[in-house]
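Chemist: Residue numbers (full-length UniProt numbering): 1 to 67.
None of these hints come from the bench; they were simulated from the model. Possibly wrong hints are sitting among the right ones.
As the list claims (entries may be wrong) - List of simulated lysine-lysine pairs, PhoX-like, C-alpha gap at most 25 Å:
(1) 35 x 58
(2) 35 x 52
(3) 61 x 35
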Amino acid sequence: VFGERRSHLVNVTELVLDNCRSSNGEIEGLNDSFKELEFLSMANVELTSLAKLPTLSKLRKVRVARV
């Protein structure tokens with residue numbers, strides 16, 4: 001999804017994916033490349049589980065809401 005920009009993902013600390021579509025409980029492109037991610041917002045993405053989230057060791061806050 002992110003193509004050549006993938007190398008810059010390591011520097012992202014906040015990611016807002018509100019209103020993005022999920023497929024089979026996953027959001028395409030959200031993976032463990034986000035090494036510095038501390039905040040993730042996923043409002044209105046129709047997730048049924050957080051089980052398929054990648055391992056994000058620095059993640060401190062996750063916002064999941066159905067608005």
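Chemist: Verify the proposed pairing of residue 61 with residue 35, using a straight-line Cα cut of 25 Å.
Modeler: The given pair, whose Cα atoms are some 14 Å apart, holds under the 25 Å limit.
Chemist: Quickly compare the C-alpha distance for residue 35 and residue 52 to 25 Å and report which way the hint goes.
Modeler: Status holds; Cα separation ~17 Å.
Chemist: Please work out if residue 35 and residue 58 have their alpha carbons no farther apart than 25 Å.
Modeler: Holds: residue 35 and residue 58 sit about 7 Å apart, inside 25 Å.
Comparing the model with each numbered hint stated earlier shows that all of them hold.
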